[in-house]
Structure formats: C-alpha cells, structure tokens
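With these hints in hand, go ahead and build the complete structure from the sequences.
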Amino acid sequence: MNSPISHLKAGIVGKIAHFTNDEIAGKLMTMGVLPGSKVQVVRIAPFRGGFYLKIDGINMVVRLQEASNIVLEVV
Amino acid sequence: MNTIALAGNPNSGKSSVFNQLTGLRQKVANFPGVTVEKKVGTLQLPDGEKVTVVDLPGAYSLYPTSGDEQVVLNVLTNPSDESYPEAIVYIADVTHLEKHLLLLTQIKDLGLPCLLALNMSDIAEKEGIRADVKQLTDFLKIPVVPVSGRMGTNIDMLKQAISMLLKEQKASQPFYTPNAEEQSVIERIQSGLEVENPYRALLLAHHFNKLPFLKKEEKQAISNICEEENFQDIRLQIAETMRRYDLFTPALQRSIFKENEKTTFTDRLDNILTHRFLAPLIFFAIMFLVFQAIFAWAEYPMEWIETGFASLGEFFKNTLPAGWFTNLLTEGILAGLGGILVFVPQIAILFLLITILEEVGYMARAVFIFDKLMQQFGLNGRSVVALISGGACAIPAIMSTRTIGNWKERLITILVTPFISCSARIPVYTVLIGFVVPSETVLGIFNLQGLAFMGLYLLGIAAALVSAYIFKIILKSGEPSWLMMQLPPYRLPSWRNVWHTIYEKVSAFVIEAGKVIMVISIILWALATFGPPGAMEKAENEAIATAQKEALDETTTADLIAAERIEASYAGHLGKIIEPAIEPLGFDWKIGIALITSFAAREVFVATMATIYSIGSSDDEATIHDRLAEARNPKTGAKVYTAATSLSLLIFYVFAMQCMSTLAVVKRETGGWKWPMIQFTFMSGLAYLGSLLVYQLMS
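Protein chains in written order, with this note's numbering: chain A, 114 to 188; chain B, 12 to 710.
No wet-lab data here; the hints were simulated from the structure.
These numbers were taken from a predicted model, which means no experiment stands behind them.
Here a beta-carbon is modelled for each residue, glycine too, at the ideal position from N, C-alpha and C.
Errors might be hidden in some of the hints.
[Stated by the list, open to error] Computed cross-link-like contacts, SDA-like style, restricted to lysine to any residue with a CA-CA straight-line distance of at most 25 Å:
{"#": "1", "chain 1": "B", "residue 1": "560", "chain 2": "B", "residue 2": "641"}
{"#": "2", "chain 1": "B", "residue 1": "383", "chain 2": "A", "residue 2": "124"}
{"#": "3", "chain 1": "B", "residue 1": "419", "chain 2": "A", "residue 2": "124"}
{"#": "4", "chain 1": "B", "residue 1": "678", "chain 2": "B", "residue 2": "489"}
{"#": "5", "chain 1": "B", "residue 1": "487", "chain 2": "A", "residue 2": "134"}
{"#": "6", "chain 1": "A", "residue 1": "151", "chain 2": "B", "residue 2": "269"}
{"#": "7", "chain 1": "B", "residue 1": "61", "chain 2": "B", "residue 2": "508"}
{"#": "8", "chain 1": "B", "residue 1": "230", "chain 2": "A", "residue 2": "128"}
{"#": "9", "chain 1": "B", "residue 1": "221", "chain 2": "A", "residue 2": "134"}
{"#": "10", "chain 1": "A", "residue 1": "167", "chain 2": "B", "residue 2": "22"}
{"#": "11", "chain 1": "A", "residue 1": "167", "chain 2": "B", "residue 2": "133"}
{"#": "12", "chain 1": "A", "residue 1": "167", "chain 2": "B", "residue 2": "370"}
{"#": "13", "chain 1": "A", "residue 1": "128", "chain 2": "B", "residue 2": "254"}
{"#": "14", "chain 1": "A", "residue 1": "167", "chain 2": "B", "residue 2": "282"}
{"#": "15", "chain 1": "B", "residue 1": "487", "chain 2": "A", "residue 2": "178"}
{"#": "16", "chain 1": "B", "residue 1": "383", "chain 2": "A", "residue 2": "161"}
{"#": "17", "chain 1": "A", "residue 1": "167", "chain 2": "B", "residue 2": "137"}
{"#": "18", "chain 1": "B", "residue 1": "483", "chain 2": "B", "residue 2": "499"}
{"#": "19", "chain 1": "A", "residue 1": "151", "chain 2": "B", "residue 2": "278"}
{"#": "20", "chain 1": "A", "residue 1": "167", "chain 2": "B", "residue 2": "249"}
{"#": "21", "chain 1": "A", "residue 1": "151", "chain 2": "B", "residue 2": "386"}
{"#": "22", "chain 1": "B", "residue 1": "383", "chain 2": "A", "residue 2": "177"}
{"#": "23", "chain 1": "A", "residue 1": "167", "chain 2": "B", "residue 2": "386"}
{"#": "24", "chain 1": "A", "residue 1": "151", "chain 2": "B", "residue 2": "249"}
[Said to hold, decoys possible] Which residues of chain A face chain B? A partial, calculated answer using Cβ under 10 Å:
{"#": "25", "residue": "126"}
{"#": "26", "residue": "128"}
{"#": "27", "residue": "130"}
{"#": "28", "residue": "144"}
{"#": "29", "residue": "175"}
Given below as structure tokens:
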C-alpha cells in the first residue's frame, strides 16, 4: 500500500516509493532521503504540527507540507 | 599563504575540527555581500608552514536551498573569490557516511585537491561501526583520515595529510559522468565562457541567475545556451543526485560495517523530551531554571564590575587634574565602558546554558516542538532560540537568526525579538516596580513584586507574538518555507566548542553594542555637561549659594550642583522641549532627559535619574527608589512617581525601541535603514500608545 506520510499513524514503517514535489524531493535527496530509504514514523506532534521520522537510522523532522509529498510504501 | 577550506554537511562536527586545527587563532567576519558568518583561522603544519583555514558554512550539496549553502556554491565555483581554497578538507560523520558523501563527490568534480576526514570516529567505535579506510581510499581516490574533533584524536595525522595534499597539489579525478543532455550544455558553456572544468560549467548552467560573480553578459550568454538546449534544471538535478548516490552507496556497503541497530539512548530520551504533551512542559521548566540561574549567578560578578569601575573613576578623579578631560574620561568613557561590561556576566551565563542545550542536541528538539506554534505567528521553530537569547541581549539574538532559511520568517523574528525584556531593562524594572506594587507575599509563597516582574516579561513576549502575527499578515512572500531538519543524537557537550561560542557571542555584544554605546555615551556626556553660554556657570553658582545658605555637607552640595547643572545643560533643554509630548503619559522633563539618555542603553535611565535627583554619588537602587518616592511636581506639589506614572513608564520601557546598538545590528542584518526605521517606529509608537492608555486610565 502506498500512502503519503501525512496520512499515516505513528509507529508505521515503510520505504520511500517516490516524492510528489520536485523541489522538496531535491532538498530531501541532498540530505540523503532517497526513494528506497527506510522510514519509521516515530511521532506526530499535536495538530499534526510536525512529523518526527527515523530515516535510515537518522532522526529527522519535517512539516506537514513536506510529509504530504513523501509517498511511503508501507510494509 | 596557502588557503584550505573545511567543507561538510551541517552536523558533521566541522566546527569542532576547525577549533582543533586553529585553536584560538581565528576571526569571524562575513562573506562579502551576505550576512553569513565566515570563520577564518590559521593552522601551523608539522613542517612549520602556516596556512589559512576557512570554515565554509554547512551544506548538503552544491544545489543551495539556504543562504549558507549559496555561499559554499559562490566560493567554490569562483576561482577568483578571496576565499577560494587550494585544497578542501571534507569533514563527514562516519556514523552516517552514506548521507554525507554527496557534497564531497560534487567538490571532487570541481577538480579541487581533497581529503576526507572521517569525523566522530570515537562515537563510531562505541556504536560498533567500523570503516575500512583502505577500501574508501581506493574507491574515492583521495586520502582518508579517521579523526575525532571532539576528542582531538588523530588531529596530528590530519595535519600531516593536509601538508601532503598541499605539496602534491593533485587535482581530484571526476566522480560523475554527465549524460548526453548535460554534456552538450557543458561543452557550449566551456567554449563560450572559457570555463575549464566541466562540472563548474554544469553548475553555472544550473545556478547562473544566483551567482553574484557573473557579469550581466555572461548570465545572458548562459541563459541563451540553456534555452537553446532546452536545459531542464530541476529534473537534471534530481537525476544527477540519484546517480551519485547509486555510484557510492554500493561502495560504502563494502567499506562500512555496522552492528545491528537497536533502540538507542537518543530514541528513549526523545520518547520523553519530544513527547506530545510533556515536551512543552519540560521546555518551560528548563527555561525557568536557565533564567533562575542567570539571576542567581550573575549578581556577584556584576557587582564586582560595578564597584571596580566606580573605584577606577574615583581613582582618575583624584589623580588627574580636574577639568573637562578628566570629566570626559570618568563620566563619559569609563561610565560608558562600565555600562557595557556590566552585562557581560548575564550574557555569558545565558549563552553558556543555551550553548550547552544546543551542544547536547536539545535545541533542535525545541525547534521541532514549537515549529507549528511559531508558524501561526509567522515565525519559524528556529525563532525560539533567538527569542530566548533576547532575554539576555537582542544583539546576539538577532545575529542567531541567520539559521532561519526563509527570509520573511527571519525578518519577522528580527523585528520582534527586541520586545523580549533584555538584561538592560532589569535595573529599570527594579527601581520602578516598587511604586506600582507593594512588596507583599501572597498565597504564602509568591512575592507580589516578583509576580509583577514576571508580568512585564510576559507582556514583552505577548507583544512579540502579537506584532509577529501582524507582520505575518502584512508582509508578502513568495518564497516557500520548509522545515527538514536532522535531530542529532544526544551527546555530552564539547567544552571547547561551548567556550568558543560564548567567546563569540560575548565579543559580538561587546563590539557591536560597545562601539555604539561608547559614541552615544560621549555625546550624552557632552549634552549633559555643556549648556547655552553662561547658563551652566549660573546654575552652579546658584546651587553653591543655596548650599551655603542651608549649610549642606560636601556630598549633598556636589549632588545639588550636578542636579542644577544638568537642568541648565543642553540635555535639560531637550528634556523640556519634549515635555509637552510626554506629559500625557505622566512624564515630566526630568523623565524626558532619562528617556533621551536611555537611547545609549536602557539601564542608563537609573544613573540619569540618580544625577537629576541630586544623588549622583549613590548608585544604589534602593536609595534611588527612596529619592524618587519623595519627588514632587514643583507647580502642583503632587508626587511625581505615582502608581500611574510609574506603571506608564514601565510599559514604555517594555515596548520602546531604545537601543541604538540593536538598530545598528538590524540595519546590518537586513541590509539597509528601512527595517530598523520601521521597527523603531512601531515599537516606540506602541510604547507611546500603551503608556498613554495606562496613564489616562489610572489617573
């Protein structure tokens, strides 16, 4: 099942399938967030104020807007 | 002297290595045309040669998305840039090497001699991560040195390697082979603009619009080539990035060995510290402790500085011949200097604690916790750090906003930070608060005055947030706002780094605020010392006559003379000129003088009031308070410092933009007088209206 991270609940694990915004993709890829990277949704701040992710072992936070442009293949 | 540059991602521990290589032989300046900090130091190599080390800002790639990254691109694609290095020392976090190599492969393609320093090798060892240095060297074809910037491990080996690198001057071999589409653009730019390096030509095609060193004709030429070749910027960028990862990821799997990942200490700590509901509570508890510590620890050193400067002034007064020069030295220069240095303890302690929180990794969590809330007010999670620093001094706080990538969010942060009550407001609050609330204890534990103090701080915070919200609505911005941030693992602070940061922040304050406060102190001294011809002598003679008639003792006479002189001086005249404007706020001309002198720095209010009320010889806040309490309006006989006037004055000091040094820094950070003028107008306007409202309602 593919789904943007913004639609997922905390605790879900998956692999990045693709991005839906080129600019955000460009930025995330320079930080080593790539299609195929392993993602765990660790925590979601109240009012979906921020997404605490663990990507290939690195802890990272993104906003709702970025999270909705990362599509995860949930395993 | 040869120049080398340190490059690497943010969080690669670059500054620790920089500090290890250069020690205290470093300077902070700005990269030309932008307010990105440029740290430059000197390194002595084992063979005695000295080289200049430039610490480039942290960057993920040569496709910039922030001011910091843009600087790295500007420097590395412009061989005539003053910071253009002979060689690059690339710093990478070996515990996440697969995320740190992208920029290195790009820099290699520019042909610069490089070496790779695998930083944090101490942590890697603890986490069971092993790097096969030989494999890496073979694959990357550049020297590889494992180091630890925090522990200082292998720094000598790194120096040796730098020495070799500079001697050999061997250009790096290209890493990435451009595809056909890129190749045709590269060739046309290479021949059309005489660019030697192919990757540099490709970067020019991607970024020509934003590169400050290109001439207009050059930009036009590149633009034409890109158009004719139908150059697809973002798509090619993504393809290039992907290709690079594809090239080095398999090689890394062969040369980096990790033990199975388990739940780390960081994850467990973050379960509490970034907990959905506990996190803000913990944050406020930490901040409460931080500010408690500042007040508790700064008191004594501040007293030493104050008494030190007082006795130094006395010493000069007694040893130097009396005259205007001695007067200038003691009342103008020394007083100004003392007024600057007295804040150093508070500022140093606040930045000690903030830097520790930053170093252990907590500040990044605070950014995450408050990002959503701050966005509601047009700010950014990173604004939290600036707003907290504003509790010590707005100057380093405003300079710390450079980490905010989005210009609108950064600008709003700069504009509202001075609303946060800084250390210079504390003496003013202390003197005035007694007139508004009695010193009583309520509910057993709370001191009423303490609560009022807290109220003033909260009022400042509220003013900052409300005005940020207004700016958010008014200001337009097409620039996208992002937050994609790594949370570094929690670790013990490196005391070397902490010390360096405190040193930097305190020097920023002493130098930036210092020069302005100094100049204004001297101007104010002149305004208060000189008056219209004859007026000063007349005032002095009258004061002496009064003193003789009433048989006053020496100190009281001196105080009386000082008070009469300041009334007759230009400062006194200015106070009387503005009196009609401030009368509706409940202020008289004496307060007017204090308001004017406060423009050097707010705390000058207390000293000015002491002089005006003939107690210049005392700088004790309790004495000043008592004296102010007796002050009466000569016409009506009513008390000057009623609760209404005092509260009005307090409100004025919470809101008003009375710090020239801050305005000067805002001018520099925003690149012109437009924003500091707007800031001055709205803050002082709010102060006037607030005071007017309070005074008219209460009296």
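Hints versus structure:
Only pairs whose Cα atoms come within 25 Å are accepted, and residue 560/B paired with residue 641/B is accepted, the gap being roughly 22 Å. Straight-line distance between C-alpha atoms of residue 383/B and residue 124/A comes to about 21 Å, which keeps the hinted pair within the 25 Å bound. Proposed proximity of residue 419/B and residue 124/A is contradicted: the alpha carbons are some 34 Å apart, above 25 Å. For a cut-off of 25 Å, the pair hint linking residue 678/B to residue 489/B stands: about 23 Å separates their Cα positions.
For the hint pairing residue 487/B with residue 134/A, the CA-to-CA distance comes to about 23 Å; that is within 25 Å, so the pair holds. Of the supplied pair hints, the one linking residue 151/A and residue 269/B holds, its CA atoms being roughly 16 Å apart against a limit of 25 Å. The straight-line distance between the Cα atoms of residue 61/B and residue 508/B is roughly 23 Å, inside the 25 Å bound, and the hint therefore holds. As the CA atoms of residue 230/B and residue 128/A are separated by approximately 41 Å, the hinted pair breaks the 25 Å bound.
Distance check on the hinted pair: residue 221/B and residue 134/A sit about 22 Å apart at the alpha-carbon level, within 25 Å; holds. A C-alpha spacing of about 16 Å is found between residue 167/A and residue 22/B, which places the hinted pair at or below 25 Å, so the restraint holds. Pair hint residue 167/A plus residue 133/B holds up; C-alpha atoms about 23 Å apart against a cutoff of 25 Å. Taking the CA atoms of residue 167/A and residue 370/B, the gap is near 21 Å; set against the 25 Å cutoff, the hint holds.
This hinted pair checks out: residue 128/A and residue 254/B have alpha carbons roughly 19 Å apart, not beyond 25 Å. The straight-line distance between the Cα atoms of residue 167/A and residue 282/B is roughly 13 Å, inside the 25 Å bound, and the hint therefore holds. Simply put, residue 487/B and residue 178/A have alpha-carbon atoms about 19 Å apart, close enough for the 25 Å limit, and the pair holds. A hinted pair counts as satisfied when its Cα atoms are at most 25 Å apart, and residue 383/B with residue 161/A qualifies at roughly 8 Å.
Proposed proximity of residue 167/A and residue 137/B is supported: the alpha carbons are some 21 Å apart, at most 25 Å. A threshold of 25 Å between alpha carbons decides the hint, and for residue 483/B with residue 499/B the separation of about 30 Å lies outside it, so the pair is violated. Among the hinted pairs, residue 151/A with residue 278/B is consistent with the structure: their alpha-carbon atoms are about 16 Å apart, no more than 25 Å. Pair hint residue 167/A plus residue 249/B holds up; C-alpha atoms about 22 Å apart against a cutoff of 25 Å.
Taken as a hint, the residue 151/A and residue 386/B pair is broken in the structure, with Cα atoms around 29 Å apart against an allowance of 25 Å. The straight-line distance between the Cα atoms of residue 383/B and residue 177/A is roughly 9 Å, inside the 25 Å bound, and the hint therefore holds. With a CA separation close to 23 Å, the supplied pair residue 167/A and residue 386/B stays within the 25 Å bound. Only pairs whose Cα atoms come within 25 Å are accepted, and residue 151/A paired with residue 249/B is accepted, the gap being roughly 19 Å.
For residue 126/A, the interface hint is violated, since its Cβ never comes within 10 Å of a Cβ in chain B; the closest pair sits about 13 Å apart. A hinted interface residue such as residue 128/A counts as satisfied when its beta carbon comes closer than 10 Å to some beta carbon of chain B; here the least separation is about 15 Å, so the hint is violated. A hinted interface residue such as residue 130/A counts as satisfied when its beta carbon comes closer than 10 Å to some beta carbon of chain B; here the least separation is about 14 Å, so the hint is violated. Contact between residue 144/A and chain B, as hinted, is supported at the beta carbon level, the nearest pair being about 5 Å apart and thus within 10 Å.
The interface hint given for residue 175/A holds, since its Cβ lies 5 Å from the closest Cβ of chain B, which is under the 10 Å cut-off.
Violation of the numbered hints given earlier is confined to hints 3, 8, 18, 21, 25, 26 and 27; the remaining hints are satisfied by the structure.
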